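My request is simple: use the sequences and hints to build the entire structure.
Top line first, the protein sequences correspond to chains A and B. Using numbering that gives the first Met the number 0, you'd call the opening residue of the first sequence number 0 and step up by one each time. Using numbering that gives the first Met the number 0, you'd call the opening residue of the second sequence number 0 and step up by one each time.
Derived lysine to any residue pairs resembling SDA-like cross-links, with alpha carbons at most 25 Å apart: (1) B:Lys60 x A:Pro15; (2) B:Lys60 x B:Asp91; (3) B:Lys122 x B:Leu102; (4) B:Lys60 x B:Gly82; (5) B:Lys122 x A:Pro114; (6) B:Lys118 x A:Gln13; (7) B:Lys118 x A:Glu16; (8) B:Lys122 x B:Gly154; (9) B:Lys118 x A:Val112; (10) B:Lys118 x A:Glu17; (11) B:Lys60 x A:Glu17; (12) B:Lys118 x A:Pro15; (13) B:Lys122 x A:Leu113; (14) B:Lys60 x A:Thr14; (15) B:Lys118 x A:Ala12; (16) B:Lys118 x A:Pro114; (17) B:Lys60 x A:Met18; (18) B:Lys60 x B:Asp86; (19) B:Lys122 x A:Val112; (20) B:Lys118 x A:Leu113; (21) B:Lys60 x B:Pro167; (22) B:Lys130 x A:Met18; (23) B:Lys122 x A:Met18; (24) B:Lys118 x A:Met18; (25) B:Lys122 x A:Glu17; (26) B:Lys130 x A:Pro114; (27) B:Lys118 x A:Met11; (28) B:Lys60 x A:Glu16; (29) B:Lys130 x B:Leu163; (30) B:Lys122 x A:Leu111; (31) B:Lys118 x A:Thr14.
Sample of chain B residues at the chain A side, in silico, Cβ under 7 Å: (32) Gly68; (33) Ala70; (34) Arg98; (35) Trp104; (36) Pro114; (37) Val117.
Derived DEER-like restraints, expressed as beta-carbon distance ranges: (38) A:Val99 x B:Ser136: 44 to 52 Å; (39) A:Val112 x B:Ser155: 27 to 35 Å; (40) A:Pro15 x B:Ser136: 19 to 27 Å.
Bear in mind the hints are in silico, worked out from the structure with no lab data behind them. Values in this document were obtained by computation on a predicted structure and should not be read as measured data. Where is the CB? At the ideal position from N, CA and C, for every residue including glycine.
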Amino acid sequence: MFPIVINTVVGMAQTPEEMIHLMRSSERPARRSSSSAAPRGGAAHLRRPQGRHHALDGRAVVGEFIASSSGLGNFLLIANNAFDSPLLFAIVILLSLLSVALFYAIEILEALVLPRPLRRKALDFELAARA
Amino acid sequence: MKAVSVRPAPSPASPCFVELNAVSRGTSCGPAPNLLALDGVDCAVAESSFCSIVGPSGCGKSTLLMITGRALPPQRGQVAVAGRPVDGPCPDVGMVFQRDLLLEWRTVLDNVLLPIEVKRLRKADFVERAKSLLGLSGWAGSRIPIPASSRSACGSAPPLCRALIHDPPCC
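Rendered as C-alpha cells:
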C-alpha cells in the first residue's frame, strides 16, 4: 500500500503548475473551490500513481506475516513452523502465479484505461527509477 | 511589481471592465518563495480595449494575469470583471499560458474543447465554433492527433482557440 500512497503523492506533486492553473481557470463557477485547494478537478486526473504493480506483487503477504489469522501469509508461517517443505513451496509457487496473473491483469486494465503517451511516460519513469 | 497604477482612463461611456484594487500576492514558488510579487496593484481596463503589461522577467506580470483569471487568488485586494467581484473560477476570462499545455494524447480539436468538458457543457454545441476558430488560424485538419515530438511545431493557435472557445468577454 505504501508505494501506491507515495507514488500518488509524487504524481500529484509532479503535475505541472500551469496545468493546474489551466484547469482552475476553466472550472465552472459553481464548482468553485477554496483557494488553497490542492491539485484537483481535471488536473488530478492527468497523473496517476506510478505504483501500479507494487501492491499486487506479493508484498501484501508481509502484512499477513505480522498480524493475521488467515490468508496465504499466515499459512506460510504455519507451514514454516511445521517444517512442511512441500506445503511451503506450494504456497510460494501459488503466490508467484497469483502475482504474475495480477500483474498482467493490471497491464490489460492500464492498456484499456490510459492514453498511450501517458503509458509511455509511466514506463520511462519506471525505467528511470530502476536505473 | 510594486504599487503600480495602470489606468488607461476609461471614458464614462465605457466603464471599467476589469478592475483590480490594491491587489497583493507573494510568490508561491521559484528561487525566492514568499517574495511579494504584487504589492497594492491598482489596475482598470476598459471594455473592448487592448492592454499590455510590460516588465522584466519575474516582476509579476503572469501573477497579475493569473489573479485576474482567478487561476490564483490574491492575498489581499479585490478583483472585479464585468462589474462582478471575482471570488471563484471566472467564466468571463479566457487564459493563454506561456506553455501551450496541450494534452498530447488528444486531437487538436479535443484540446480546444477541453474547457467545455471541464465546465461540463455539451461538447456538441461548441464543435462548430472550435472548428471555425481553428480554421481562422489555419488548422483545417483539426482531428489530427498532435504527435508528442512535434509539439513545438504546433504554434500558439490551439491554445489561443482553447482560451476563446467559450467566447469570454475578457481574454
